[in-house]
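Asker: Residue numbers (the working numbering), protein chains in the order written: chain R, 69 to 159; chain L, 69 to 159.
Rather than coming from a laboratory, the hints here were simulated on the basis of the structure. Just to be clear, a hint being listed does not mean it is correct.
Claimed, not checked - Quick list of in silico lysine-lysine cross-link-like pairs, DSSO-like style, CA-CA up to 27 Å:
(1) L:K81 <-> R:K81
(2) L:K133 <-> R:K124
(3) L:K130 <-> R:K158
(4) R:K124 <-> R:K81
(5) R:K81 <-> R:K158
(6) R:K100 <-> L:K133
(7) L:K124 <-> R:K105
(8) L:K105 <-> R:K158
(9) R:K105 <-> L:K158
(10) R:K133 <-> R:K98
(11) R:K105 <-> L:K105
(12) R:K105 <-> L:K133
(13) R:K133 <-> R:K100
(14) L:K127 <-> R:K124
(15) L:K100 <-> L:K127
(16) L:K127 <-> R:K105
(17) L:K127 <-> R:K133
(18) L:K158 <-> L:K81
(19) R:K81 <-> R:K127
(20) L:K133 <-> L:K98
(21) R:K158 <-> R:K98
(22) L:K133 <-> R:K133
(23) L:K130 <-> R:K105
(24) L:K133 <-> R:K158
(25) L:K105 <-> R:K127
(26) L:K105 <-> L:K130
(27) R:K81 <-> R:K105
(28) R:K130 <-> L:K105
(29) R:K105 <-> R:K130
Protein chains: 2
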Amino acid sequence: MSKDANTIYVGTKPAMSYVLAVITHFNEAKVKDVTLKARGRAITTAIDVVEIVRRKFIKELKTAKIEIGTEELQREDGTRNVSTIEINLKR
Amino acid sequence: MSKDANTIYVGTKPAMSYVLAVITHFNEAKVKDVTLKARGRAITTAIDVVEIVRRKFIKELKTAKIEIGTEELQREDGTRNVSTIEINLKR
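One chain only, chain R, in its complex shape (with noise of 0.2 Å):
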């Protein structure tokens, strides 16, 4: 996963963190759009943070494009595949 100012990881803190950071974003950067990127047990977080931020706080909000892949990890007893899904949203 490439960095970008626009794009927020979702990992495994509460998904109300997210949801703030979406916010926060939406609200100061004006800008239009943020991704969310997530692998693993975080796409379900991914996930409901955007339901949330579209349901509670920003009614507008539209899903453009969701895209799902996978990764490689290394580890230390070889490789792992691991789903990851990019959520990009606009307002």
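Using the hints, position chain L against chain R.
Answerer: Leaving out everything else, chain L in the frame of chain R:
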């Protein structure tokens, strides 16, 4: 979520069970499209399933549409919102 012959519900079984279901479906039913539905933690499994089928079994598989949403679950202590995903696959 509505019932449909071309729909596979992804739940708590290992991803490989659903991978098999998708492959069998494409082989037997002569259909060109299948929809995977999942909610909550099973969303990650659904994406794993798509990625395994696409990378290991049906190279020409396309994710035609990915939709996310929210469902209200009735519980003893009230209602709880759970995120859902629908992934439409075409070969």
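Asker: Give a verdict on every hint.
Answerer: Here is how each hint holds up against the structure:
1. L:K81 <-> R:K81: It holds: about 26 Å lies between the C-alpha atoms, which stays within 27 Å.
2. L:K133 <-> R:K124: 25 Å, holds
3. L:K130 <-> R:K158: 24 Å, holds
4. R:K124 <-> R:K81: 19 Å, holds
5. R:K81 <-> R:K158: 23 Å, holds
6. R:K100 <-> L:K133: 23 Å, holds
7. L:K124 <-> R:K105: 24 Å, holds
8. L:K105 <-> R:K158: The given pair, whose Cα atoms are some 24 Å apart, holds under the 27 Å limit.
9. R:K105 <-> L:K158: 24 Å, holds
10. R:K133 <-> R:K98: Holds. K133 (chain R) to K98 (chain R) sits at ~20 Å (cutoff 27 Å).
11. R:K105 <-> L:K105: Distance ~21 Å between K105 (chain R) and K105 (chain L) Cα, so the pair holds.
12. R:K105 <-> L:K133: At roughly 18 Å apart (the allowed maximum being 27 Å), K133 (chain L) and K105 (chain R) satisfy the hint.
13. R:K133 <-> R:K100: This hinted pair holds, its Cα atoms lying about 14 Å apart.
14. L:K127 <-> R:K124: 39 Å, violated
15. L:K100 <-> L:K127: Distance of about 14 Å is within 27 Å: holds.
16. L:K127 <-> R:K105: 24 Å, holds
17. L:K127 <-> R:K133: 22 Å, holds
18. L:K158 <-> L:K81: Status holds; Cα separation ~23 Å.
19. R:K81 <-> R:K127: Measuring from Cα to Cα gives roughly 24 Å; hence the hint holds.
20. L:K133 <-> L:K98: 20 Å, holds
21. R:K158 <-> R:K98: Within the cut-off at roughly 12 Å; holds.
22. L:K133 <-> R:K133: With a Cα-Cα distance of about 10 Å, the restraint between K133 (chain L) and K133 (chain R) holds, given a limit of 27 Å.
23. L:K130 <-> R:K105: 21 Å, holds
24. L:K133 <-> R:K158: Cα-Cα ~18 Å, so holds.
25. L:K105 <-> R:K127: 24 Å, holds
26. L:K105 <-> L:K130: 16 Å, holds
27. R:K81 <-> R:K105: The given pair, whose Cα atoms are some 14 Å apart, holds under the 27 Å limit.
28. R:K130 <-> L:K105: Cα-Cα ~21 Å, so holds.
29. R:K105 <-> R:K130: 16 Å, holds
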